[in-house]
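Protein chains in written order, with our numbering: chain A, 9 to 121; chain B, 106 to 220.
Since the hints were made in silico from the structure, they are not lab data. This one's a predicted model, so the numbers in the text were calculated from it and none came from an experiment. All C-beta atoms, glycine included, are put in the ideal place defined by N, C-alpha and C. A few of these clues could be false.
Lysine-lysine pairs mimicking DSS-like chemistry, simulated, CA-CA at most 25 Å apart [claimed, not checked]:
no., chain 1, residue 1, chain 2, residue 2
1, A, K65, B, K164
2, B, K183, B, K199
3, B, K174, B, K163
4, A, K17, B, K147
DEER-style ranges, computed between Cβ atoms [to be verified]:
no., chain 1, residue 1, chain 2, residue 2, range
5, A, G24, B, G184, 48 to 54 Å
6, B, N134, A, E61, 20 to 26 Å
7, A, A22, B, N134, 15 to 21 Å
8, A, N85, B, K183, 42 to 48 Å
9, A, I20, B, G121, 29 to 35 Å
Simulated coverage check for chain B against chain A, where a stretch passes if three residues somewhere in it have a Cβ under 8 Å from a Cβ of chain A [claimed, not checked]:
no., stretch
10, 132 to 140
11, 208 to 214
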Amino acid sequence: DSGVTQTPKHLITATGQRVTLRCSPRSGDLSVYWYQQSLDQGLQFLIQYYNGEERAKGNILERFSAQQFPDLHSELNLSSLELGDSALYFCASTPGGPSYEQYFGPGTRLTVT
Amino acid sequence: ILNVEQSPQSLHVQEGDSTNFTCSFPSSNFYALHWYRWETAKSPEALFVMTLNGDEKKKGRISATLNTKEGYSYLYIKGSQPEDSATYLCAFIKRRETSGSRLTFGEGTQLTVNP
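Isolated chain B (complex conformation) (with noise of 0.2 Å):
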């Protein structure tokens, strides 16, 4: 069993606040890192797929970055907004074996941006 954890599990912060949030994993077998953004009442929505160490990505005020030695990534938010309000889950998938490779998402950061 893949071991994968976000944390915090829930996190409030005022409008305009930067945040950064984690997602450990297995540093063996690396294959990607997925991350998404899922709005209440909403499907997943990707933010970032990443696959090398020291990996970073930006995309507006969202940005990530990527340690596989270690097995972590992070995720941050500049300024953050109301609509920035989501969860945001992390998705690991080990190197490709013979059955093919599967996704192991974590438990999710819920964010919520007060005004």
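Bound conformation, chain A alone (with noise of 0.2 Å):
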């Protein structure tokens, strides 16, 4: 157990729906960063946040946003959603930038229908 937590585990959803993923830091970590993994791809980096503010952006379509909130959790919000975003979100956390280990979640499996 890595000590970040995601919700929900699994989500079904259709076209066209909105929905947002959780994710909780390992205490005392401020730094949240966003992957996504497709079948027919690697893990891809999408944002990184730091005590609530933006610092880094991968591949992270328009459709795609995400936010830290003052209590450090993390949230990704996926609209107009399409079959190819179909896919496993992690997120992972670490107390500062990029020379850190990331202590990684369990993932949410979105499905789009």
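Assemble the dimeric complex from its two separately framed chains, guided by the hints.
The following block contains the structure:
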């Protein structure tokens, strides 16, 4: 158990819908990263937050947005969902920046039908 | 687009064999390299974070080396065990720019250790 929690574990929704994925980092960790793993692709970095502020952006679509709240939990919002958005979404937390090990949550499996 | 390549793509070894695999990354603007172990149906687990040229890190039977000048890192597993079966991922981080640092993952090396 990494200490990072993600909810929900599984999510099934229809095209065009909007969903919110939630991540609670390890106690004391200030930085949260979001990743997407699709069937035909490796692990893709989406976005990083540090202490409430966006720090780095990766291959995140405009239909997706994220935020980190004062209590340091983070949410990833996915809207106008398409079939291709079906993937495993991980969040990871670290005490600081990219020179620290990342602790991954168990992931949210999103299926868009 | 940053190119992070891992080889081989997959590897089958016998229990007790020692093995190694490679992660290649751009040699310019290096900031850090991460290694992760990812078992099926679980989430990635950090092995090492390497930041300095010539770094060598070890955790039990697993060790890693780093050459930032030529852009590669090796991961070694001594005396492989069936429980070492997993996908081993490396992630490259470019030197921080104004937009922050992003991780670029390789496709991974899938290791299977046969008893």
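Going through the hints against the structure:
no.	hint	verdict
1	K65/A <-> K164/B	violated (31 Å)
2	K183/B <-> K199/B	violated (30 Å)
3	K174/B <-> K163/B	holds (21 Å)
4	K17/A <-> K147/B	holds (12 Å)
5	G24/A <-> G184/B: 48 to 54 Å	holds (53 Å)
6	N134/B <-> E61/A: 20 to 26 Å	holds (23 Å)
7	A22/A <-> N134/B: 15 to 21 Å	violated (43 Å)
8	N85/A <-> K183/B: 42 to 48 Å	holds (45 Å)
9	I20/A <-> G121/B: 29 to 35 Å	violated (44 Å)
10	132 to 140	holds (count 3)
11	208 to 214	holds (count 6)
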